[in-house]
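This is what each chain is made of:
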Amino acid sequence: MPTQPKDRIELLQGTLDVLILRTLLFGKRHGQGIARAIQQSSDDVLLVDHGSLYPALQRLEVKRWITAAWGVSENNRRARYYELTKRGRQRLVEETRNWQRLVQAMARVLDLDGATA
Amino acid sequence: MSPFGMRRPDRDFADEIESHVALEADRLVREEGMHPDEARYAATRAFGNVVDHQERFYESVRWMWLDRWIRDIRYALRSLRRDLGLTIYATLILGLGIGATVTVFSVTNALLLRPLPFDDPDRLVWISNGEWGRGQALSNLTVQVNHLVDLRTLARSFTDVAGFHQFDRDGDHTLRMSGEAYRITRLRVTENLFSVLGVRPALGRPFAGEETQDGGPLAILLTHGAWVSRFAADSGVVGRAITIDDAPATVVGVLPASFDYGGMFDPGRRIDYVQPFPLSEETNRTGNTLALVGRLAPGATIEAAAAEATSLAGRSTSDRRNAFVPVLQPLHERVSGGFRAAMYLLTGAVTLVMLIVCANLANLLLARGATREKEVAVRAALGASRRRLVHQMLTESAVLTGLGTALGLLLAIAGTRLFADLGAGLPLVSGVRVDAAVLGITVAAATVTTFVLGLLPALRLSSVAFGETLKEGGRSASSGRRQGVVRNGLVVTEVALACVLLVGAGLLLRSFGKLTDVDLGFEPERAVTVRIDPSRRFESSEQRALYFAAALQGVRDAPGVHAAGLTDVLPMAFNRRWCVQGLEDRSLCPYVRVVSDGYLRAMGLLLTAGRDFDEADGPDARPVAIVNEAMAAALWPDASPLERTVSIYPVAPTVVGVVRGMRHVAVDQEAEPEIFMPMRQQSDYHAVHLIARSTDGPAGLAASVRAALTAFDPAIPVADVHVVQDIVSASVSPRRLVMLLLTGFAGFALVLASLGIYAVISYSVTQRRREMGIRIALGASPAELRTNVLRQTLRLAVLGVALGVAGAAALAGLLRSLLFGVAASDPITFMTAPLVLLGVALLAGYLPASRASRVNPTTALAQ
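Protein chains in written order, with our numbering: chain W, 1 to 117; chain H, 1 to 863.
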């Protein structure tokens, strides 16, 4: 990557899974595409370590929340495409709800004035 | 191995990474306008350590701990195969060590630890009669019936007390079945015995009602052994009418296999059936007959029970009653207490052996670790964590220990089986086996060994500077020195422990030597014996006497027979005592022997005064007796015993001869007062053993005796001709066994210690090759170098021996009860053992020393 903005945040343990599931919500993608999409949709704030991406994909696949198949990319390269399963979709809903609750709770604790974060 | 069984291939994952990098590079070219080569490089760098990711992927789809184990075990096997010699040696000594440990522990377990097969066995006590003081043959220490009745009815410390009749002898009875006659052995017990012990018949029922009364119908319980051997384990035997001694009897039940009277109280004996012994005035008249076993009442202590029994026994001095001095001991103590010291000794010894084995192997693995420093350094440089390295070394030692343990267990199974079969005069040996408890101990021992052996070399790792090691010829001097201290310490320990074992074995060997040198008072060599009383009954005692006289004459006429005689008891076996009155009311209870003329000569007893019995000492002649010197000295200390009369049941014989003492009870017990009475004048004897002596070996003699007896009466079971020497040897067989085992352990320890010295000295000579080369180059003579190395050897050995002698001196006191005729501080043993060790040590040091003296300075320095 050519530029490495200093204000990028390393992903917290466990957050990568949700991000992957969310990214796959709108259709299948390959690993590089997933990493790129997370980075872009977080306005380059979230840095996806490529090294942890693939073990995470592997983990989700084992849990059968996503499936994978080799396909061909738009610029004609062989790539392994990942797709959300029905169970993965349910999981995403649950995880999103959990995150909302966590974020609200964190905001309340950290912002003692009661102002919203 | 994936959690789901269907595994994604590593190759597939690599492809995916490849594709990722390509896609990222494409993007960089497209979006950032990079040069393709530069883009590819950047994409790869961004991805990070590909190998690491692949490894993480690899780990994510496998059970890594299992994978590591498999790889470590595979690696361990490979490296052990590379050092095949070491592996074989280690497996062998570990196997021997563990085999010996497990065997000894199995015996200790069976003899001392496992509870007796009775209900609540800790509450059972053995009650014997201490009338003649302690240290006597227990078969004499019996109690009269009325005392038992008192204990049962009056003593409150006991829930109940039962008795074993002690005077049934092997093969006294005859079982007739389908025309065949078998000699069988009975045991008489009081009817409550089985309820006191908590033993229930495996089949049928215990004795009941009339069967337990005088004159009641004869009911018997078969022992498990007899049920299997005589009745083919037929469960239909219960209720069957059989014929014992030509009288009808009913089998009411079969005892469980766990009820092994012989194995418990009289090692080597086999009881065939049990019959009730009634408690009545009739049986009271037979005198001291019973050994008692009581069950303590709840809350009663053995001391309180002993006090109560003593006061009861003292109070009832009335009617036709012999003295009773109750001696109580826990039943388990009675059964195997006599072997406690020996078993503790062997357990201790085998533990020392195991420690030596461990020290030896630890040393070996340390040396091997030194030669493998480079290999370990390479592995560390390639990214193996210290944890992985330790893990791998532990695996290696676990594999080694596993091999050794497997071999050890096989040896132990063979060893315990041998023990159980041989018996060797030990009680409860039929229960010696490798059981769950023993296996548990083995696994525990193996685990400890694994850690000791694995961690020692592993700990070294922390002191190894890998960078230094990788340099050609580099040597980390400091760790080398510390290691040298550890290795020397291990060898010194080995020598010290071996020295302790050698001293112990030496003391037992010397004891056994003294024991075999003991003048028994008779000559067991070149004499054989066979039991000749036929199973049928005689019409009169005259007929019986005639029969035996004829049998005796037949044997005397046989070729090769030099002398022959009859006796009712053999040495080291059954015995009994009767009390007599001598001069001035001195009373004494000598051992009673009923013998024929010629017995003294056949047995090799030395007549010191008077004469042997002869043909004239018939039933109608004046009753006569022969006494031994101990009896003569006790009754007539100041006068000649000849022509004195002794008042003894049922006659008052006159002493016509005096023989020297005879060790009749046990080899290690002095001769005690004995009286011999002629068989033709005394009808109170049960068995008749013929003893024949030849001038040459017993081999031809046995055949000759057998032929003569068969010709005389084919019904005599001549198969059982025993050499008298064997009877004596059998009586000391537990002692011999302990001595042999300890000697074996000590020998093994000696070999291990000398190998340990050899290994350490050779290693140090190899390490010092260059130094030796320089010394030679500077003019040192080969002899000087050799002396130098030998001095180093001697320093280790002397230190070890000094520690060992000190340790042995501290521990030898524990051996005292097992010694005979030597002091625990026996100077000969304490001088010999260290000398043997030093000699062997010097021998072990000599080979490397002479190698050192032959070092070629040019090659040594060129290296």
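These are computed hints drawn from the structure, not numbers from a lab.
If you're wondering where the values come from, they're calculated on a predicted model, not measured in any experiment.
Be a bit skeptical, because a hint or two may be false.
Said to hold, decoys possible - Simulated DEER-style distance windows between Cβ atoms:
(1) H/Ala406 with W/Ala105: 56 to 62 Å
(2) W/Arg108 with H/Gly48: 35 to 41 Å
(3) W/Leu102 with H/Ala381: 52 to 58 Å
(4) W/Val72 with H/Ile70: 36 to 42 Å
(5) W/Asn76 with H/Glu375: 24 to 30 Å
(6) H/Ile70 with W/Arg108: 46 to 52 Å
(7) W/Asn76 with H/Ile70: 40 to 46 Å
(8) W/Arg108 with H/Pro9: 22 to 28 Å
(9) H/Ala14 with W/Ala105: 38 to 44 Å
(10) H/Ile441 with W/Ala105: 52 to 58 Å
(11) W/Val72 with H/Glu32: 40 to 46 Å
As the list claims (entries may be wrong) - Stretch-level coverage of chain W by chain H, calculated; a stretch enters the list once three of its residues show a Cβ under 8 Å from a Cβ in chain H:
(12) 28-37
(13) 44-51
(14) 63-77
Even for Gly, the Cβ is constructed at its ideal location relative to N, Cα and C.
Here's how the hints hold up against the structure:
1. H/Ala406 with W/Ala105: 56 to 62 Å: At 59 Å between Cβs, range holds.
2. W/Arg108 with H/Gly48: 35 to 41 Å: For H/Gly48 against W/Arg108, whose Cβ atoms are near 37 Å apart, the range 35 to 41 Å holds.
3. W/Leu102 with H/Ala381: 52 to 58 Å: 44 Å, violated
4. W/Val72 with H/Ile70: 36 to 42 Å: 39 Å, holds
5. W/Asn76 with H/Glu375: 24 to 30 Å: 49 Å, violated
6. H/Ile70 with W/Arg108: 46 to 52 Å: Since H/Ile70 and W/Arg108 have Cβ atoms about 51 Å apart, the given range 46 to 52 Å holds.
7. W/Asn76 with H/Ile70: 40 to 46 Å: Distance hint for W/Asn76, H/Ile70 holds at roughly 42 Å.
8. W/Arg108 with H/Pro9: 22 to 28 Å: Since W/Arg108 and H/Pro9 have Cβ atoms about 48 Å apart, the given range 22 to 28 Å is violated.
9. H/Ala14 with W/Ala105: 38 to 44 Å: 42 Å Cβ-Cβ, so the 38 to 44 Å window holds.
10. H/Ile441 with W/Ala105: 52 to 58 Å: 56 Å, holds
11. W/Val72 with H/Glu32: 40 to 46 Å: 24 Å Cβ-Cβ, so the 40 to 46 Å window is violated.
12. 28-37: Holds, because 5 residues of the stretch 28-37 of chain W bring their Cβ atoms closer than 8 Å to Cβ atoms of chain H.
13. 44-51: Coverage by chain H holds for the stretch 44-51 of chain W (3 residues, Cβ < 8 Å).
14. 63-77: holds (count 3)
Checked against the numbered hints above, the structure violates hints 3, 5, 8, 11; every other hint is satisfied.
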